[in-house]
Amino acid sequence: MMRALRPRVADGLGAAAPFVFALAIGAVVLFAAGFEPLSVYRLMIEEGFGGERRIAATLTASTPLLLTGLAAAIAFRSGVFNVGAEGCFYLGGLTAAVIGFSAPSWPSALVLGAGLGAAALIGGLWLLGPGLLRARLGVDEVVTTLMLNFIAVGITSWLVNGPLLARGSANSATPAIALNATLPRLLPPTTLHLGFAISLALVIAYGVWGRFTVGGFRSRLVGTNPRFARAVGIEPERVLVATMVVSGAVGGLAGAIHALGLVHRFVGGFSPGYGFTGIAIALLARNSALGVIVASILFGALSSAGASIQLFSNVPIEIVQILQGAVMVFATAKLGRLWRRAG
Amino acid sequence: MTPAPAVAVRIGARALTRRYGALVANDAIDLSVAPGTIHSIVGGNGAGKSTLMRILQGVDFPDAGTVVLNDEPVRLSGPADAFARGVGMVHQEFMLAPPLSLLENLILAREPVGAAGLIDWRKAEEEAGNLAALAGAAIDWRLKAADAPIHVRQILEILRLLYRGADVLILDEPTAVLAPAQIVELLKLMGKLRDEGRTILFISHKLDEVMKCSDAITVMRAGRVVARTTASDTNVDALARAMVGDHAPALLIESRERPSGTPLFSARALAARDPLGFERLGPVDLDIRAGEIVGVAAVGGNGQDELVACAAGILAPAAGSIRLGGEDLAGASTARFRAAGVGYVSADRAHEGLCLTASLADNFIAGRERDTAFSRLGFLRPANIRAAAARGLAGLSVRYGSVDDPASSLSGGNQQRLAIARELSRAPRLLVVSQPTRGVDIAGTAFIHNLIADFRDRGGAVLLVSESLDELLALSDRILCLFNGRISGELSRSEAGVETVGRLMLGRRAAA
Amino acid sequence: MIDAFLHAAIVMTTPILLAAIGGLVNRIGGIVNIGLESMMLGGALIAVMVSAQTGSAGLAILAALVTGAVLGLLMSLVITRLSANEIIVGLGFSVATAGLVRFFLKSVYGVSGTYNPAGVAMLPPIDIPALHAAPVLGAIVSGQDALTWLAWALVPATAFALRRTRWGLRLRATGAAEATVRAVGLAPLTIRDASTVFAGALAGLAGAHLSIGVVGLFNEGISGGRGFIALAAFYFGRSSPWRTALGALLFGGFDAAQIRLQGHWIPAELLQALPYAIVIAVLTGLGLADRRAERSGRMG
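Chains as they are written, first to last, in the UniProt record's numbering: chain A, 1 to 343; chain B, 1 to 512; chain C, 1 to 300.
Derived by calculation from the structure, the hints in this document are not laboratory data. Just so you know, these numbers come straight off a predicted model, no measurement behind them. Built from N, CA and C at the ideal position, the CB exists for glycine as well. There's no promise every hint is true.
[To be verified] Covered by chain C, per the in silico footprint, the following chain B stretches (three or more residues, Cβ under 8 Å):
1) 75 to 83
2) 90 to 102
3) 112 to 123
[Stated by the list, open to error] Not everything, but these chain A residues come out facing chain C in the computed CB check (under 10 Å):
4) Asp140
5) Thr156
6) Ala280
7) Ile317
8) Glu318
9) Ile322
10) Ala326
Please work from the sequences and hints to get the whole structure.
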């Protein structure tokens, strides 16, 4: 038992190292700007986890990340480097918002189902193209999905500035969704909403799927060794396209949950890079469900704490962005090499 | 180039030992290579030749003892250090940049530079021409390395060492990829270089080549030097005995009467292209009957890989038909080939035959995870999977810790047993086998040969491709020779001999 | 009208072209540089700061170049020495640098988003009197700044250097076969780092062109995704500096058109997204051509 645990512990430490490095870099930046790094970090921990409300705020902030992290993990697990969740997030958010303000008379369950379902569908279809291009023509999916992000942002911001602009709104926002389309709050008065529970359930379901199902078995084989998978009769191309579509659907769903649970409309600049943070989360988690949950909550705490420390300590909120970016930079770095070289 | 007169040992080792954990890869090796000689190092798999060469080249380092250069013990700091002392190596995997031209590959890192720091292409071509003349080869220097024939790439590797000033050339199994005629050319080139004063270490396990070209021979076995001799003082049999020690030579599997009846596997006008779109195979017609092992002999790159891939359903043929037991499999997926009864043992164990990071159990049932024994309603049944794997492994005399251990925990030979056992456990009708014993020791080879022969005896059909003529001659009931993608001859076991097959592999007629 | 558009198109091409040439060289050396945007942003900020401090556009350009190069080196070291995934490192660099720039502006200058100091020395336009009055050509060639001239000079220079110099040969070899380069005694990782430093330096210059060549101030959105447009341009250009320049010119033209059209004819947001769609179309076309070659076979 202990022997089985030890590599896990080492894995966990390895995954924590990028955070440590990022905190060290953040400390240098804070120190250079005349702040006391340790007290800022202490404040951030308090603001992230101190008390029920703050934890609720952290979990709210982690909700979109759970799903964008999941979208990335699903793809990476099958060996598909999909970086297109950001675009799906925008498209899914807009789709859900439009349905959310268009059907005020429908029963709540129906409009929620339609909003989430349509967003997932759009997200899935959006990445069908890159999936097929990679499977059929060998076109690098990193480039196509990255490019599609910018296209999705372009399309949604055109729509939200033009055809879908709310009357009376200055710019870049759809009308608010109707009450029947909002995801219920879990812990009023906090903003924690049903979307968190849905996201958490999906990540757990992913963990079960990966470990205990035929589909998970196949995706793992295709991800680690596609030629082997083909040789034993699993078609990597099929798994690849399916993976891309499911990953896109989860990305779209993430946007929908963000729109229906928290923002209650679609606005320009809908995502501060949730899709990209999701990539870092999946890489840090090495695609494990538990890892995605832990990393999402850490990133969620970072952003929810960032908002309040600017209020209380006038440390610019951008420290959060710096830390997030630094974690991404080191997410896949083999930091152990620094030691070996020195030693 | 004039050899340094006073030196007795140009390159060598003194009491050199290298351990990897419990394994002693090199055990107190003494080696003395005189300047201006061709010195062969022979030995089977795992004899420690590669480790020794890595150390001589500065890529690996001894735990005890030293490398000797020009009679002096030296401590090499790395490959660049070794090269600076004139030692260069041609690896089995070629070190060429595929999209660059042959000329660019030649001059890389030592470009002739003219005015204004620009590459002097005229000078480069001139030097390249001189080298080609030395090698007696016509080389189109503008050709991309990716498009050059394999023997040209190999010659380029050797010329590059000369171009960069090496006078000790380590050639690691250079003939493995060459056709016999090209081997003759290579041996001639080696002789020429030796006569000019260069020193050559020739690593090989092909004893007839060693006998032809060597001035001195060192035989290694299990990490030790077991014999030092010269070509004139020994013969192939003596060398073979020294190499394998007390082991018996590979056993011959009994051949069977050629079965009659309709063929189980039947390909007509089959043609295939490689991933770059070059025509590699065909058109060929091929029949395999139940209870028959059909061996395919060919020099690397003559279409045998494409034949295997087509028969296994991995590669879609460019033209022609494939039928198995009457079922038309043209354009079918790999899954359908397997459902129709095709099993496949890949030559590339690490990337196609197994998933090394996955557990033994997962490797054992991969491809059958949908079977009701292993999953129900989409959920895996781990207990059944483990039990099936344990049963399967029990019959292989493979030692392992747990079926949950990764396949990488097995030795190469045991990995191969696992791969074959998985395919046989599916009860295929046709087994497509490529290089089944590459890198496998003698005991493992015999075990694997018996598995294949048993399968045949129970009525299975086998398509066997191997680079080892001994293996083909030992196992096959019939041998087909492929040359330039076409069948250049067909022999029954009784007709087949090394020489006949060798001639047919080169597209020449069999001797009458 | 057409003259003004052409002039603006050339102006908007410059930052894209500079960064794209850098990215192209970087990619030939084996790294896809997703962090160009961050190096552009850093260069733009430093250029304004140095220009305002010293009153010298030349020093400002130099500082922007160094800033971009240092950012490039840092990014490269994480990729080459710590074997990190180049995509996530590039994205992380973009996020962290954007944050750092805003953090810096707030904590040092107490401004949010825009830094507009007095006394910024702009890059002087180079007028060519002989051509100034010439139709079309005058608008294109006359009145452009030194960085524009540099950008276009780099196109043939890069093409030439890749073919004819030892560094070009070594760079191509490094991108194609790292093990080979190591086997012949060169240091592929160092060569790769050098290519990223080059890319960073050019992206820094691209930033300087935006801040002290075009607008005269710094704004956090000044790079406006041009680092990614540059990525699109060198994917469009595959391995050729000339095709890359064509892509940069095309996308610079879109940029100029989008300002001019002000949302008439075609919405600005969609026009901005067009370069990315073109890249996907180009990659699809290449994939189809490859597939067709494979199907129909080549001479063996």
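Query raised in the report: Which hints from the list above does the structure break, by number from lowest to highest?
Result: none
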